[in-house]
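Line by line, the protein sequences give chains A and B. Position 28 of the first sequence, counting from 1, maps to 28 under the numbering used here, and the rest follow consecutively. Position 24 of the second sequence, counting from 1, maps to 1024 under the numbering used here, and the rest follow consecutively.
Quick caveat, the hints were computed from the structure, so don't treat them as lab data. It is possible that some hints are incorrect.
Covered stretches of chain B, going by a simulated chain A footprint (3 or more residues, C-beta under 8 Å) [claimed, not checked]: (1) 1026-1039; (2) 1046-1058; (3) 1095-1108; (4) 1113-1122.
Note that CB positions come from ideal geometry on N, CA and C, so glycine has one too.
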Amino acid sequence: MDVAIVGVGLHPFGRFGDTTAIEMGAIATRRALADAGVEWRDIQFAFAGSYEVDNPDAVVALLGLTGIPFTDVYNGCATAASALTLAANTIRLGEHDLGIAIGMDKHLPGAFSADPRLYACPSWYGELGQFMTTKFFGMKINKYMHDHGISHATLAKVAAKNYRNGVRNPNAFRRKPLSEEEILGSPMLNYPLTQYMFCSPDEGAAAVVLCKAENAHRYTDTPIYLRATTVRTRRLGAFEVHSPWLPIEETEGATVDASRAAYETAGIGPEDVDVAQLQDTDAGAEVIHLAENGFCADGDQERLVADGAFEIDGTLPVNTDGGLIANGEPIGASGLRQVHEIVLQLRGQAGERQVPGNPKVGYTQLYGAPGTAGVSILSI
Amino acid sequence: MARVPVAEGVFTWPSDDPRLIGSRCAACGIVTFPTQGSCPHCSSPDMAEQLLARRGRLWAWTTQEFPPPSPPYAGPRGEAFVPFGVGYVELPGEVKVEARLTETDPEKLILGTEMELVLVPFGTDDDGNEVVTFAFQPVKGN
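Excised from the complex, chain A in its bound form:
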């Protein structure tokens, strides 16, 4: 059974003082409901994702205690992809016709931190300062640059593009353009990644209303079809975050696996994609993910970035809303923010940042600790 997205809503990303994650989740939900032209009481089931909020389903206290099946999801940086996948599958199973996926979070500033033992890592790995996602991303892009001839300037160009796109997005956290010189000149955090090449944990919420595809025209003239949504975890041999060791034999990562499965399910290839939102935890991650999701060969990013291929008016616009670099990362909401942006782009409603040429196929990808990836493919 096919699934359509008929409503999207967002609470802006950034920092919002005393506003709670639950309140932001309720605001995003109301916006998604209004976009779909439905009421909360019409919603038959819900999934909600959050890292900081144990029970994001408590949002019902602000929306209405309607008694629906409402399941909370946490799955690392792929939390939102997991909520979306479960919501879509609930419709595909024929269990319900209309439901919602919600994501919300409110993080403190600064790098994420946790007890390494909760990730099946030894305590000493954290005590030594190695239980760090930023360090992993530094190592991965540093090796990638060496192996595939990517320059520091390319990292700066990618970050500058995302800040520039953020300027055009009223919901973004960072809306100030930064020059390549400012990005390269900011403090080095994990070589070769500087401060302005990284996204920041922040706050925000997003929601997506889904329905059985054959019902979509009851709610909207512009349904967006969810052609595939996949979640994959790392296999042994992949170069993944939070790994005190790796085996000698190498294999491809969770993003590659999730991406291939999504293309196969959708019957759509990377050459068909008109606009993409990729996990840019840092500028290097966007560079690597371009290849891992099949949009270019390893190393071609150096030329393609210089040619402006991934700009809003380029051959494959990437992170048109500014990505994580301009929006920050409220973990539970981040992937639904990507879907929100793709839906606006495919509907032609993205305003100042609208991709020209009536894009028809969109793509989203999440990646993060502890080696989990989520991909979705959407089309008109």
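Once you've looked at the hints, dock chain B against the given chain A.
The following block gives chain B in isolation, referenced to the frame of chain A:
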């Protein structure tokens, strides 16, 4: 003041010739670091301790230029924090281990460099003991 290891069972201690302590799966041969009780490749519980090679080659690296959040980080913070190199060293035929590097200068960190295991000071514990940890340094003369 005594010298104590950052944790028991990570490297041989005390030793003039320290070795990292890994484990090998009797069923499929996968080597892990540190030891673990079951195999992440074939799920076998039949794991035996194996002392790892002292030398290998630098496979990936970065630098840690800001103090990691504490907890879990237990090393010197604030003014006392000193940036450090970190990377994977591939021990031939065994495993790639992630470790501190004694070298922090990007100009001197070159993939493929031969590296050897050393013990380095990490900090001081609550009892005033000097805590030591493992690191890899470039092999001199290379």
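Here's how the hints hold up against the structure:
For the stretch 1026-1039 of chain B, the stated coverage by chain A is satisfied: 5 residues place a CB nearer than 8 Å to a CB of that chain, which reaches the threshold of 3. Evaluation of the coverage hint for the stretch 1046-1058 of chain B: breached, as 0 residues show C-beta separations to chain A shorter than 8 Å, against a requirement of three. Counting residues of the stretch 1095-1108 of chain B whose beta-carbon sits less than 8 Å from any beta-carbon of chain A gives 6, enough to reach three: the coverage restraint holds. Figure legend: the stretch 1113-1122 of chain B, annotated as covered by chain A; annotation inconsistent (1 residues with Cβ-Cβ distances under 8 Å, at least 3 required).
In summary, the numbered hints that this structure violates are 2 and 4.
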